[in-house]
Structure formats: structure tokens, C-alpha cells
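Q: These are the residues of each chain, in order.
Number of protein chains: 2
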Amino acid sequence: MVSEESIESYFRNLQDEICRGLEKADGKGKFEEDLWDRPEGGGGRTRIIADGNVIEKGGVNFSAVHGPCPDFLKKEAGISESENATFYATGVSLVIHPVNPMVPIIHMNVRYLKAANLEWFGGGIDLTPHYIFDEDAKFFHQNIKKVCDKHSPSYYPEFKKWADDYFFILHRNETRGIGGIFFDRLSAKDSISIEDRFQFVQSVGNNFLPIYLPLIEKNKNKTFTEANRQWQLLRRGRYAEFNLVYDRGTKFGLLTNGRTESILMSLPPIACWEYANQPAKGSLEEKTLQLLKKGINWAE
Amino acid sequence: MVSEESIESYFRNLQDEICRGLEKADGKGKFEEDLWDRPEGGGGRTRIIADGNVIEKGGVNFSAVHGPCPDFLKKEAGISESENATFYATGVSLVIHPVNPMVPIIHMNVRYLKAANLEWFGGGIDLTPHYIFDEDAKFFHQNIKKVCDKHSPSYYPEFKKWADDYFFILHRNETRGIGGIFFDRLSAKDSISIEDRFQFVQSVGNNFLPIYLPLIEKNKNKTFTEANRQWQLLRRGRYAEFNLVYDRGTKFGLLTNGRTESILMSLPPIACWEYANQPAKGSLEEKTLQLLKKGINWAE
Numbered sequence: 004m005v006s007e008e009s010i011e012s013y014f015r016n017l018q019d020e021i022c023r024g025l026e027k028a029d030g031k032g033k034f035e036e037d038l039w040d041r042p043e044g045g046g047g048r049t050r051i052i053a054d055g056n057v058i059e060k061g062g063v064n065f066s067a068v069h070g071p072c073p074d075f076l077k078k079e080a081g082i083s084e085s086e087n088a089t090f091y092a093t094g095v096s097l098v099i100h101p102v103n104p105m106v107p108i109i110h111m112n113v114r115y116l117k118a119a120n121l122e123w124f125g126g127g128i129d130l131t132p133h134y135i136f137d138e139d140a141k142f143f144h145q146n147i148k149k150v151c152d153k154h155s156p157s158y159y160p161e162f163k164k165w166a167d168d169y170f171f172i173l174h175r176n177e178t179r180g181i182g183g184i185f186f187d188r189l190s191a192k193d194s195i196s197i198e199d200r201f202q203f204v205q206s207v208g209n210n211f212l213p214i215y216l217p218l219i220e221k222n223k224n225k226t227f228t229e230a231n232r233q234w235q236l237l238r239r240g241r242y243a244e245f246n247l248v249y250d251r252g253t254k255f256g257l258l259t260n261g262r263t264e265s266i267l268m269s270l271p272p273i274a275c276w277e278y279a280n281q282p283a284k285g286s287l288e289e290k291t292l293q294l295l296k297k298g299i300n301w302a303e
Numbered sequence: 004m005v006s007e008e009s010i011e012s013y014f015r016n017l018q019d020e021i022c023r024g025l026e027k028a029d030g031k032g033k034f035e036e037d038l039w040d041r042p043e044g045g046g047g048r049t050r051i052i053a054d055g056n057v058i059e060k061g062g063v064n065f066s067a068v069h070g071p072c073p074d075f076l077k078k079e080a081g082i083s084e085s086e087n088a089t090f091y092a093t094g095v096s097l098v099i100h101p102v103n104p105m106v107p108i109i110h111m112n113v114r115y116l117k118a119a120n121l122e123w124f125g126g127g128i129d130l131t132p133h134y135i136f137d138e139d140a141k142f143f144h145q146n147i148k149k150v151c152d153k154h155s156p157s158y159y160p161e162f163k164k165w166a167d168d169y170f171f172i173l174h175r176n177e178t179r180g181i182g183g184i185f186f187d188r189l190s191a192k193d194s195i196s197i198e199d200r201f202q203f204v205q206s207v208g209n210n211f212l213p214i215y216l217p218l219i220e221k222n223k224n225k226t227f228t229e230a231n232r233q234w235q236l237l238r239r240g241r242y243a244e245f246n247l248v249y250d251r252g253t254k255f256g257l258l259t260n261g262r263t264e265s266i267l268m269s270l271p272p273i274a275c276w277e278y279a280n281q282p283a284k285g286s287l288e289e290k291t292l293q294l295l296k297k298g299i300n301w302a303e
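Chains as they are written, first to last, in my numbering: chain A, 4 to 303; chain B, 4 to 303.
Okay, chain A solo, but in the shape it has when bound (with noise of 0.2 Å):
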């Protein structure tokens, strides 16, 4: 048994220690919190950063929301909807939009939900570099894949693909970034208990800030040009569409009624569009192109 309160106390104190280590590698940007109360029962710490020497925008959430469990959950359960049931849901969620467009966009969420008898874990954690740099894009993977590894041998490649399959833009067939690991629904399953699945999600958590600082270090004092910044814009305008079109959690939020500023945080500060872009032949933009797709082994 994992409690409720241990879940939930993790979560805030992951969302305290993030919050920390950005501003610190930021050096200008602070964290503004709005609290909110969900009326059905529980609520939220929406921390918001703008305007940064690193971070242009970004936003790093806890919730823990409960009360009565969903139809389509009893459903999941196999209980009638007559029958009375309750729900519970933990998480942080986090999307960063660095100023340099040679520092990547990153994005984690790591989450715990408790229906009826259903109890599970999920998140995981990807990347969305607007140039992709091969030893960022395997540092970014390898590091992923020890912290997978840690657990279980078979946790890396299964969740690997998972994201590859779920950060994908279908209509520009192209990923959203060289991706990273999800995962859903990680429940109590043969010899894996439900503390196993928490002490994964725990160690996604945990280096969050191992993995990305040095991402940050490494790229934010690039030079760029303004072709370049015109080219993060319309990558983040990629990130708008898959958000707004596919984002399950983003769809299921904005039409069951949650907190839309909590949820929409995930949108860029500004970005572009713009007819049929093609870049060079050989540029920097092209390459990054062809490396947008799935089954790319980074981690080797």
C-alpha cells in the first residue's frame, strides 16, 4: 500500500524542488503561484515563469483533485454508474519555453489516480528541441533509459515507443520532438507492486532537474540569429497544434470543464505560422526535420 498522503506530499515537494532548481539556473525569473480550489472537491498550485534570462515561459503545476468518480471510469472499474465511487488524482505537470532557440522545450508529467478499484501511475518526460543536436538528443535518451533501467529492463523501450506513437503531429507526419519516455495506467501487475510503480515515478521525478540543467548550461549562451528565433516560432507553432489538436490531457481538460489557464500554461509565449515553410537544403532547420520521426535509437 502506498498512501494518498505519500503520493501527494512527493508531488508538492517535487513541484517545490523544480521550481527552486529553475530559478537558480534561470537567475531573473520567479515562479508567480496562483492557488485555486476545485469546487468539486480538491485544487491546485499553478506556478507560472515569464520572462527569464533562460526561461521565456513556463509553468510547473500541482493539483490533487478529488470526489464522485466518473462514469467513464466506473465504467473502466466494471461497476454500474448507480454505484457510488470516488476519485483521487495527484500530479505535476511541467512545460518550459526557453528564450535561446538552441535550448530545448521540455515537458514532464508524472501522476497517480486513484477510482474505485482501480489505482495506477503514469507521465513521463520528452523533449522538443527547436535545433536537434545529436550528443543533447543521446545525453537526453541515455539518461532516460538509466533511469528506466533502474527498474526494469523492459520500461525503457516499451515507453520509449509509447511516446514516440503519442507525440506525434499526424498531419505534418512528424514527431513533436525526438520524444522521451510516457507511460499509463501503471498498476499493481504480477510481481510489480504499486510502491515498485510509485518508486519509478519517483526517479522520473527526481532527475528532472539532472537531466535539464545540463541541457540549459550546455545551450543557453548560444548566439543566434533572427532566422533562428523565426524558426523557434514556427516550431512552437507545431507545439500549439499537437497540444490543442491530440494532447489527451489537454482535450479531456478543456471539454470536462478544468481549470483552462492551468491547463493551456502549455502554450508557447508567441508563435508562428506560415505557409508551406521549406528550409534549405542542408541546413541546420532541414536536418532537424528529417531527424522528427519515430524509432530513432538515441540511446545507444
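Think of the hints as simulated: they come from the structure by calculation, not from any bench.
Be a bit skeptical, because a hint or two may be false.
No copy is singled out in the list; a pair is fine if it fits within one copy or between any two copies.
What the hints assert, rightly or not - Each computed DSS-like pair below joins lysine-lysine, with the alpha-carbon atoms no more than 25 Å apart:
(1) 297 with 254
(2) 297 with 149
(3) 296 with 254
(4) 153 with 284
(5) 192 with 164
(6) 297 with 284
(7) 284 with 296
(8) 31 with 221
(9) 290 with 33
(10) 223 with 33
Got chain A sorted already, so can you dock chain B onto it with the hints?
A: Quick look at chain B alone, frame taken from chain A:
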């Protein structure tokens, strides 16, 4: 009977006429044309204008496509999936994002579909001012109403409500703009022939320039501040949210392998998102937000 040739020819000419009119009003921007073929049958003429004096980015698209009837239309036509049937669809679709925040965004679509025994017209025209000026809103709706009233007294009230309901951003609890008219599946019915429907759609199309050009002329030379520009970019963010989350044409196109670049010409050239933006009390921005709701009778 209305022939497919006469409808297609009307839409082609309409695209030409609107492009000429907009270029003249702009005085600098020129439409660039992309001709495209649809592998399954038909094609289109995508025309994009950018970086003009008046128009920052706009698209005026014509298409005429045909092929085997999709299953969902066979179902609607009451024929079995195994039966052979074809579909034919043609139309003009346009979105204009102006430079000056005081000039409203406009969208118009006129279309015709024939599939098995089904035959109907659809479309609409609606206005999204970044700043709502009462006299412009009245001018727009009164003229749209005049167009409708020439064909049926029931059209304006019915199609105006349809637009209010359709162009609604649920997660923001606001309309996209001040609406206009929206209609779909206008088939021959009772004493109304398909020719009558075509006449109506032609009236809508032919009145685009007479309705939009005065709104350009009246507002294009108004001075505006950086703050006005920032508000325009935030409103464009909402426009992108509507199109990517709710717009049926966009979603249908993207999820059925439509021509992505032509569909997404509707997205703004540049847009912003800001966490929990709140306009100052008594500001023009606040007044605009208060008017983004259903059921306002602008035509009176």
C-alpha cells in the same frame, strides 16, 4: 437542377474576384498561388497573401474534389457501405488576418456537396474584431441580414444563432468574435429548390467585398500602440484555439488526410499566449471581452 459545372465555375470566379478586390484594397500584398491535385480525384487553388499594407496574412482557397463516397456519407444517404457511390465537393474558404488591430479578422466559406442522393450547400461568414466597435458590428450584421432577407426572412435569425452556437470557445466561455451567419446542409426542401439555395450562397459570396472592404477602409489608418498589438496577438491565440480545438472543417480535414497547408492557412502569422491575462477595468479590451457572448442582436 444546378450543374456541378456552373457551381464550380461560380466558385472559381468568386475566388478570382475576391483576390482582385483584396489586392486592390491592400495596395502592396499579392496573392501567391499553389495549384494542387488530390490523388483520389480533383484538386484546388490555394492562394496566400502575406506582409501587405493591410493584410498581414490571408488565404483565399478554392477546391473541387471528388471520388468514392466516404462511408459516413453513405450512412447518411441511407445506402449500404457495399454500394458504389461517388461524392463531389467544391467551395471557397477564406481567412484574413489584418496588420492593424483595429481591422477585424474575417472568415467566409461557401461550399457545395453532392454524394449519392444527398445534395446541399453550406457555409457562412463571420467577423472576429480584436476590438469591437459597435458601429462596425452593426454595419456587418445589418448587411448580412439584408443579404439573408432577400432570400428568406427565416435565414438571418436561424443562421445567426447557428453562428453564435458554432463559433463558441467552450473552455473560454466566449464567442470567437461577433459571429455572423453559419449554415449547413441546405438542401431542396418544401418550396425551396436547390437553385434557390445556390442563389443564396451566391449572394453571400458576392457580398463579401462590399461588406469587408468598408471595414478595412474605415479602420486601416487608425493609430495603434504596442499594447494594442499585444492584445491583437492574444486574440489571435484564441482564434488558433478555436480552429484547432473546435472547428469541424479543420479537424475533419486534418484527420482525413486533407491538404494540411491549405487547411491551416487559417492560423495567424503570429500569436501569443499569456497566463491569466486580465484587461484593465473600463478598457476597450474589457469592453470587447464583455461583448464576446451569444445572443447579441447587432442587426437591430
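Q: It remains to establish, for every hint, whether it holds in the given structure.
A: Evaluation of the provided hints:
1. In this assembly of identical chains, the alpha carbons of residue 297 and residue 254 lie at most 25 Å apart whether taken from the same copy (23 Å) or from different copies (23 Å).
2. In this assembly of identical chains, the alpha carbons of residue 297 and residue 149 lie at most 25 Å apart only when taken from the same copy (20 Å versus 54 Å across copies).
3. For the identical chains of this complex, residue 296 and residue 254 are neighbours both inside a copy (24 Å) and across copies (22 Å), given an alpha-carbon limit of 25 Å.
4. Taking the closest pair of Cα atoms, residue 153 and residue 284 never come within 25 Å of each other, the shortest separation being 42 Å inside a single copy and 55 Å across copies.
5. For a Cα distance limit of 25 Å, the shortest separation of residue 192 from residue 164 inside one copy, 20 Å, qualifies, whereas the shortest one across copies, 53 Å, does not.
6. For the identical chains of this complex, residue 297 and residue 284 are intra-copy neighbours only, at 22 Å inside a copy versus 49 Å across copies, given an alpha-carbon limit of 25 Å.
7. In this assembly of identical chains, residue 284 and residue 296 lie within 25 Å of each other by CA distance solely inside one copy; the values are 18 Å within and 48 Å between copies.
8. For the homomeric pair residue 31 and residue 221, the shortest alpha-carbon distance inside one copy (18 Å) is at most 25 Å, but the shortest distance between copies (44 Å) is not.
9. In this assembly of identical chains, the alpha carbons of residue 290 and residue 33 never lie at most 25 Å apart, being 35 Å within a copy and 31 Å across copies at closest.
10. Only within a single protomer do residue 223 and residue 33 lie at most 25 Å apart by alpha-carbon distance; the minimum there is 18 Å, versus 39 Å between protomers.
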